Each structure stands twice: as structure tokens, then as C-alpha cells.
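Number of protein chains: 4
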Amino acid sequence: MVIVMKPNSTLKEISEVLKKIKELGLKPHVSKGKERTIIGVIGRSNANPELFEAINGVEKVVRILSPFKLSSREFKNENTVIKINGVEIGGNKIVVMAGPCAIESREQILEIAHTLKEMGVKILRGGAYKPRTSPYSFQGLKEKGLEYLEEVKKETGLAVITEVMSSEDVEKVGRVADIFQIGARNMQNFPLLETVGKTDKPVLLKRGMMATVEELLMSAEYILSNGNQRVILCERGIRTFEKYTRNTFDISAIPLLKKLSHLPVIADPSHGTGIRELVSPVGKSAIVSGADGLLIEVHQDPSNAISDGFQSLDLPMFSKLLSELRAICNAIGREI
Amino acid sequence: MVIVMKPNSTLKEISEVLKKIKELGLKPHVSKGKERTIIGVIGRSNANPELFEAINGVEKVVRILSPFKLSSREFKNENTVIKINGVEIGGNKIVVMAGPCAIESREQILEIAHTLKEMGVKILRGGAYKPRTSPYSFQGLKEKGLEYLEEVKKETGLAVITEVMSSEDVEKVGRVADIFQIGARNMQNFPLLETVGKTDKPVLLKRGMMATVEELLMSAEYILSNGNQRVILCERGIRTFEKYTRNTFDISAIPLLKKLSHLPVIADPSHGTGIRELVSPVGKSAIVSGADGLLIEVHQDPSNAISDGFQSLDLPMFSKLLSELRAICNAIGREI
Amino acid sequence: MVIVMKPNSTLKEISEVLKKIKELGLKPHVSKGKERTIIGVIGRSNANPELFEAINGVEKVVRILSPFKLSSREFKNENTVIKINGVEIGGNKIVVMAGPCAIESREQILEIAHTLKEMGVKILRGGAYKPRTSPYSFQGLKEKGLEYLEEVKKETGLAVITEVMSSEDVEKVGRVADIFQIGARNMQNFPLLETVGKTDKPVLLKRGMMATVEELLMSAEYILSNGNQRVILCERGIRTFEKYTRNTFDISAIPLLKKLSHLPVIADPSHGTGIRELVSPVGKSAIVSGADGLLIEVHQDPSNAISDGFQSLDLPMFSKLLSELRAICNAIGREI
Amino acid sequence: MVIVMKPNSTLKEISEVLKKIKELGLKPHVSKGKERTIIGVIGRSNANPELFEAINGVEKVVRILSPFKLSSREFKNENTVIKINGVEIGGNKIVVMAGPCAIESREQILEIAHTLKEMGVKILRGGAYKPRTSPYSFQGLKEKGLEYLEEVKKETGLAVITEVMSSEDVEKVGRVADIFQIGARNMQNFPLLETVGKTDKPVLLKRGMMATVEELLMSAEYILSNGNQRVILCERGIRTFEKYTRNTFDISAIPLLKKLSHLPVIADPSHGTGIRELVSPVGKSAIVSGADGLLIEVHQDPSNAISDGFQSLDLPMFSKLLSELRAICNAIGREI
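Residue numbers (this note's numbering), protein chains in the order written: chain X, 4 to 339; chain B, 4 to 339; chain A, 4 to 339; chain Y, 4 to 339.
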């Protein structure tokens, strides 16, 4: 159940509502917006809405039937727009986050960052901590990688998105990252979700490769219900029987998520396909289906990349994608 | 192995090649194009290409490593364009085939046909034979449905695509259909593929809901190797664990099929999603990713449709889709 | 709805029921058992059971909520037992059907048939018609294969199970086969199901590699509702993301099918795993979980088999499996 | 590459080998067994085995082609047997770990523990930390649950297995747990795997619901390569399109894991099926296919369980399963 307060509701009226919620043995989730305050009532409640409608300052009481509450369109109808470094995610303008899979060296990340900045990119991706199937594979430069990212930020003014793999690293990674990336394998790492949920930094939450759309929203709910409202959903392909592609990019998930939730939706066609030639067509498709932006692996020399080279765009391919995106955004009434 | 003859090669030179193929215990597949003749050599062959290169009139000999031969880009580099009733499928112009899931009555199909024609549709879809999971569900009007389709063709001049479910029905359905539709459940009904492969009518082959991209191409190969070169591939969603949607539309399959094969590729976002609101975004995405056209369920009154009503567009939604497609085609350099 | 007649109900009483069914615009499905007659009422009916309970000779009226009717335990509580050539399928005794994937030559099939007979096998498997992904692969000996099978039957007295791939072949295959096998790719070839449903020969229906348990039962319903009550269900593995095995054998499907349906259930661990070493452990597991028998690929020389050699047991492995099955059957109170 | 030292090899000989490994830029993994020392060489090496074979004390040098090294049968041929509280896991005797999904109260866990002990159970399962899809579901009693488990251990002498969800909790949970359980959602939580890999406590590693068999072994490798050799693999069902069951129990994975790896394999048919009636048939099947034991959810009152009640056995069902397992173990030459 969600209680929408009137625009001019007073603190006293709000605390009246909270008191009633506690009396019923339920938990409140207070969200203070620019215009009005919205209070989520959490708990298996069959409480009579009239109990709240009678309180002064309450405009309406909405029952939310879906298992996801705070992420649902029922809870909040208008799109959530997240501002980072002057960039808006979830608004009319498409966002392209680009960069290498992994930070490989100081030189590599500085070079690509400068190049991407010149191409108009505002948010740089790059992994310092890399989850790898094998313990014998390159695991990322870790702290060293974070240092390089910090230097890149100072030099270029770019915002950065980078993965955090464990609760213990949240503080450390958070000192550099403008957006926390939660990887597909950690979509149901609930302690990690709770920890980033207690920060106020945007979190890009990738759909697990076996997760349903509903489970993705339930994981978003872990972050939202811990107080952090700045969640970005990311479709990055699911696992199926098809063998040509690394994953099967679930294009339907994008309009579906936009319909079910007010949160911004980003597409990652690099992991979603795993094949360089498919990244651009699938990326453009994602935008046409309603995505608010793309997360793209770009490398100055993909054939020598330490990881994910086969799915990284080189600079000419990325440049071509950007110009094609411009034409498409124009056709569908979005900006880039 | 594929033998490409010179443009001016003579019948005598061609028969020389065929003789050599038979001598080696292999089987030829002759494809006479406008400009030149191409001869496929079928059989587990390690034959020396030089044996053929030495024959007069042979321009080059190509080994095809992929398990699909006649459908591959290695066999034929330029796109196959199929002409039906003045419409080209596989060319620069996008094709939209639309109509109801099932033919429900004479009035219903005539009405929708006229309406769609006015909206610019050139190819009408409509099932007379309906494969249904349950024997207790509506199985289509069968022969009666074909009669109505014939009347529609005479009245409107529209071309029609309709499903054929069994070898025995190929002749009967072929008297009315301009394009045979092979449904997902029949993608590996090999006797049926062989039978339509012996006709000269275009065949739209739907990907099975459990089929890999390679298996789809191998099924196309059954039609092609029986002599019918007019095959249209169709992506219509695969089965995954996701429960919101009826199927998971595999957007990557479209650029992948266009890369691997010269055959036209059509997308069916109606079955690919199973939810009306998702049909348009996924359909537009398919075009952006390289599809040559769409197959769309449209019904004058979806809530009273006998089958698939929940995934059928109504006329205003379909009209909106068409105008959005126009803008997108313009942006990507294709016509509609 | 299913109407159970009293043991001593008369023809007149039965025709009274049928009359009432037709009056209500519904269709009857009459099943005359040894002891009593059961009448299925087909159609989306909310008819009041009391309308039938009032008729003389009616013992009880059962509503069947599941979409599968005639195959359900609600329709028929006791196990269906199918007798072929002195063998009972679905009774307490386990049945092992064994033989090569394909009939390769007269000598091969005669030799293996004699050997398997000596080992106690009563039902020989062997394909004359082979559904193959590629048109360029061995497609079976077809008519020649059926001739060899006929010779084998005369010489050895074994019953045979062999695949039928198309409605047109049902008569021809039926002259030799004791059991029709419907392959996984044809589980939803509805015209074929209807054709074998009109014969009185047992049909082993394999689960499609993408089919749910419910869909398997719905396909069985196509056979049952056409009059043929002798349907045997077969679990043979489904398609998943796992790459080591050819398919993922769904062991849960066996107790689930036995719970939902009265039909016999056979396991095919050869296709279910695709790896020789896994056939025996999975086959034994299937029996422990409740299967009524196994369908096993056995070849005298697997490494030279024309098809499926990698998943065929050789004779010593098969002999070992039989003796292990004996010990297990003993432990679980079943015979072999 | 794995270097097997002779039984009487000296420390000096071993350090000679280690020196050579470092010279080549590779990393050693030393495993000192009762009889001999085995040294794994980690890194993408094409080093000549002869370089090591020439060193005194080296018996043989084995190349390991599979991506999993320390968990492979090539590395260690004999079964790993893990001893806990007098119980051996991985030996000839089958182990049954049983108990409720979650610890619900002091009384509940004490009562079920006493009952299970009387039935012969030696290892109690029970979750104090519960990973739940929804943040609004019961998350376990956490520290309080651990306290109750400790009391149970003192009172009954049972060993306990309980889940650890985060690196930060490893120490705390490790003070009570005899076996760490890593849940399916955490199979690729690499920081957690590394942390338990640095303890010497047995770890039961559940296969992720989207994980291939190879990925499970790669995750085991994270624990093994951090020094903890006491890893138990657990099959608990994977996610497929089938809707009747919660997961599809992959029975083939059991003989496959036993073939590829020396580690013990446990089956969890409770999560593997999600339906009470299927737990016993699938559990017995798992034993017949080669599993070393079962992990079973048992509750004194399943219909009032806080979580997973629908898949928990009640006491009479569990008792029946134990006696059926006895008969089966007898038939297959294993003890219980």
C-alpha cells in the first residue's frame, strides 16, 4: 500500500500517518519528493485504506499488487531521472557509457578516456575489479585500477562507472565511482545490494543471466528499500540454448521494464551478444525499443585486449554507432 | 564445395563439371542465376578443387565450411530478393505482412483485408489451418478458410501468406497461398520441408521455439536443396525461463542471420512477445537491427478474437506502428 | 467433465447420456472398459453435473480441471497397461526396448536382434526413417529398412518399435511396427498425431526438446481423443544451456507424469544424455523414480555406427546395465 | 600442468621444482598428501614437461587440459573423502543431511534436531541467514539463529551445515557451522569463495541455477586454489522453461561430476524439484546415479513452515525415504 500526501501536507500530518502504520504492525518507507511526500507501507497488509484516507493531508491511498513496490509505476508514475556530473539518465536524452572491459594500464585507460571524451562521451566505463569464471584469469588491477580511474577523472572531467563486487569494497570503490555497477553474477548478492542501498550514489544493476524481469525488479527493491532511490536497471542478455551468441539479449525486457517501473533502463549489447558485429545493431534496437542509454565496451585495440576483446568495438565502429544513433534518436524524438 | 561458372560459360562446360562431380561419387546442386550458373557439390567431400578449376568455364571453386551450404553467404554473397505480386522481399524496401491470427469468418477476413489494403499493406496474413496445443481448441476453418482467402484475393488483389501444416495439404493450400508459412512447431518436420521444397512458391520458415540459428539454416537447407530457392527466414521468439512474455524475441538472431545467409529475414514480434504493448517496440527494433520486414497480427476487435487476441494489434495501434516505421526507415536508409 | 457409468449400465442408459451431451452442444468421448463405460464430455462446459447424475446408470460425474482430460488421473485412476506381443507396458514389470539408432544393413539389424533376444530383450528398436538436422546426413534406409525389420520379426519373434515421421507413412510403417514411435521433433505435428490416433497400434510419444510436461500431455490428448487409448509417454531430455550433455534429462518429469497421468512412462537416457557413460546411471535413476521401462540405443560396434554412435551402449555395457537393473528392481519391488 | 613427486621426495627436491616454476614465470600450487606431494603449475603454460621430469624426486608430469585443474580427476584420481564429526562424505557410505529450510525458533530447531537424531541423521541443515528474492520476506533469524544452532550442537552432538552469504559473516558463521553452505545465488560470488577458501572448514558449494557443470567446477577451483581442499559439490536443479517444477534437477550432472572430479557430490532434491511428492523419487534417483548423499528439507509441520513448506518432507515421508534408501543402497553396493 502506498500513501500519497497532498502537496501542502504538514510534518504533523505525515507523522500521524507514520504513527498509524506502526500501530498496525507495519513498516513505513518515506520518500520526500519535490512536490509531495509518498509513504510506502511494507508488510503483508490487508489494512483498510480508509484508515489512512481519513487522516488530514492524505490525498489518496494506492494498493500495489505487484511484488515489487518502490520500483513500480504504481508507486511512482513519472520517470525517475538520475543526474550525474551534468548528465541526466532516464530523461529524454540518450546516454552512452563507453570504455574498455578492464582497466589494463595507466596509459591504456588515459588514452581511451581522452579519445572517448573527444567523441562526446560523458561517462566512462572500466573495470578495476573483474569477476572471472576462472581464478586463473586476470582479475583486474583492483586498487591500482581505482587510482588510474581517479587520475582519469581529474584529467578529463569524465564521470566513471565501475563494478563493485563485495560489501567490503563499497566504501573504497565509492570514493572514485560516480556510478556503482552491480554485475550480473551479483544481482542476487543481497548483502551487497543492501550496502549500496545505504549509500546515495547511483547504482547500475545488471540483470542476472538467469533472472526473470520480476527478479531484477525485486533486487532493485533491495536497494530502494534501503533508502537509495537512484537505481538504473540494465539488460545484458540472458542464458539460453543458443550457441552462436554469448547470451541472448532480451529486447522485450526493455519496453517491459519501462512499463512496469519508473526507473531508467540501460542496455549492454556488448555482453548481450558477445560478438562485435552484433553490438551496434542490437544497441540501436535497444534504443528504439525504449532504452534510456547504452553501456558499450570500446577498446583502442580489441585484438590485444586482456578481456572481452571479441565483443569490444574499435574506435571507428564506435564512431559509426554514435552517428547512426544520432539519426535514429532524431527519428524517434529523443536526443543524444 | 561450390563451383562458380564464368558469366559466359556454355552448357557443354557445365555438363563437363556435372560429369566430374558424379565421377567422384558426389551430388551436384545446379542454380542458374541471371548472370551465371553456380553448382553446389554435396557430400562429405575432400575432393581437390583443382580438379574443377581445370575445367573450361569455371571461374572459381569455393569450399563452404559451415554445415549450411546453399543458404550461406559463402555460397551466394548478394542478398536474395523474392518477388511476390509486385512486392520485393529482401530488397531495400521493408515489407509488412499483416492480418488476423486466424480466419474466423468470411466477413471478418474481408473486412480486415480491405482496411489493411487501404493502410498500404500488400501481403495479408491469416490462418486457415491452426496448430493448437490442445485438440479441444479452435483448429481453424480449414478448406472454408482457404475459400474465403481466395475471395479476398480476387476482391482486393492482396497477396496472402497462410500456414501449411502437412505434406498432404501442400497442393490444396498452394492453390491459394502466395507464400507458404511453415510454423515454428514444423521447423523440423522434414517431409513437409521437402514437399514445399519441390514447389516454386516462396516459403516463410519460422524458427522453432527451441531451435538454434544453425538449425534454422539447416531446415532452410532442406527446402533449398529440393530446388526451391525462395526461402524467407522468420525469427519469432524462443523459449526461455522468462515468464512475463510468451517467448523471448532473439533480436541478435536478425543481424546474425543476415551475416550468415543471403536469404531475407522477417520478424514476427506478435508471437515473439505475446503481449500487445510489446509488439510495436520489438517490431521497430527488428527493423533497426536489419530485418527485411515484419509479420504482424492485426485484428479489428482483438478482445473478441478467437485466438491470440492478447497479442494482436488493433487498427489504431497498427496505424501508429506504420507511421513510426516510416520515420525509422528514413533514418536508417531503407524504404517502406 | 467425465461421466462414469455403473458397472452394469445398459446401452440404453449410455445412449441417454450421449443424447443429453449433444443437447447441450457438447461432444462425447466414449471409452468402454472391461468393467465399465466412461464418457468424456468435451467442450468449454459449465454444464451442471446434476443434469447427468439424474440419469439412470450414471455412477458419478467428475469435473476435470486440468487442460488434459483423457490422459489425466482424474479421468482414469488405475494405470493403463498396454500389451504387445506378450509384454505388458505400464504394469509392475519393467520393459527394456533396445537396439541401434538406425537400421544400417540387413546383416547389422539381424545380428543385433539375435544378440539382444538372447539377452532377454523382447522389443527391438531401430529406425528406418531418420529425422536429421541436415539434409546431407544419412536419412535412414526407409522402405528397405522396413523390409529388414519385417525379416527380423519373422526370424526372431521380437516386437519392434520404429519411428514414423509423416501421416503418409503411417500405413506403410504400421504394417511392420508393433509400436509407432513419434519423435521429439514431431511431438506437435498435430496431423501426424491425429493419424496415429485413428489406428489401434500403441504409440510411444516422445517429449519435444522444448516441450513442457503439460504440452506433452496435450499432445497425448490428440491421440487419445482420436480413439487410440494405447499411448506411451517418453521422457528423452530437454534443451537447456548446459553444454556437456546433448540434452538435460528431466528426471522429475517421470514421477510428475506418473502422478498426473495413467499412461505408461518410458525413459530414453540415450538421447537424454548423449554421452555413453551417462546412459546407465541415468537409465537406472529413471527406473527408481518410477519409469515403466527404458528405450536404449545399443550397437554391436558403436564407434562405427552411422548415427548416434557416441551415445550407443556396446554389448558388454548393455549387459551390465541389465544386471544392475535386476538388482535395483528387486530393491524397489518391481520385476524385470 | 601437475607435477607428481615420488613418495620419498625430499624438501630440497620440492623446492627445486618450485624454483623452476617461478623461473618460468608461473605459479605453483602445493598439495601435500599423506603419501606424496603434488604441485599444480598455474598459468597459461606451454612449458616443456621435460624441464621438470629431469629434476630428482619427480615421478611424473601431467598436463591438465580442462580449465578446472585442482578439482579434476586428472589432478587427483582417487575420491576425496571429507570427515566431519565422525561422518565421511565421499566414501562408500551415503550421507543424509536433513532439517528445516530456516531456523524459525529455539523450540522448532531443537525439536526437529532431536527427532532427526533419533532417526539416524548425523548432520543437521538449517538456515540462519536466508537469501530471499524479496526484501520484504523473512530473512532468517541471523545471529539468534546461530545461537540456537550452537545450543542444538551441544545438546545433540549433531554436526550442522548452514549458509554463509557474505565474506563478512564467514568468521561468525564459522564458529558454529561444521560445513559452510554456499547457496546457488552465490556460486559466483568470488570474494566469498576466496574467503571460505582461506578457512579449513568443509564447504558445500551449490550449483547456480544458471551455471554449467564446468562453471561449478571453476567456482570450486576458487576455493581449492585458496588452500581449502574440503569442497563438496551440490546439484540443486537448474532453471528451464518447465513450469510445473521450481527447477529442473539435472540428474546427468551427478555421474558427470563424479567422472570429471574427485570431489564428493551431494544432491538437493528439495530445491531441485520444489514439490514435496517429487523429493523422494528424485532423491533416490540421485543416489542410484552416483551421488554421495542428499540434502533434504524436513519440517515437523510443513504446512506451517515460514519458508519452503511446499517442498519440505514431513517426518513420516522422511522416514519412508530413509528406509527406501536403505534397500537401494543395498542393491547398488553402498552403505547408509
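Be aware that one or more of the hints could be misleading.
Any copy, or any two copies together, can satisfy a pair, since identical chains are not distinguished.
Calculated pairs, DSS-like style, for lysine-lysine (alpha carbon to alpha carbon, straight line, at most 25 Å) [unchecked claim]:
id : residue 1 : residue 2
1  : K145      : K25
2  : K323      : K96
3  : K125      : K35
4  : K9        : K175
Hint data in this document are derived by calculation from the structure and do not stem from the laboratory.
These numbers were taken from a predicted model, which means no experiment stands behind them.
So, going through the hints one by one against the coordinates:
no.: 1; hint: K145 with K25; result: between (44 Å within a copy, 23 Å between copies)
no.: 2; hint: K323 with K96; result: both (19 Å within a copy, 23 Å between copies)
no.: 3; hint: K125 with K35; result: neither (29 Å within a copy, 53 Å between copies)
no.: 4; hint: K9 with K175; result: neither (40 Å within a copy, 47 Å between copies)
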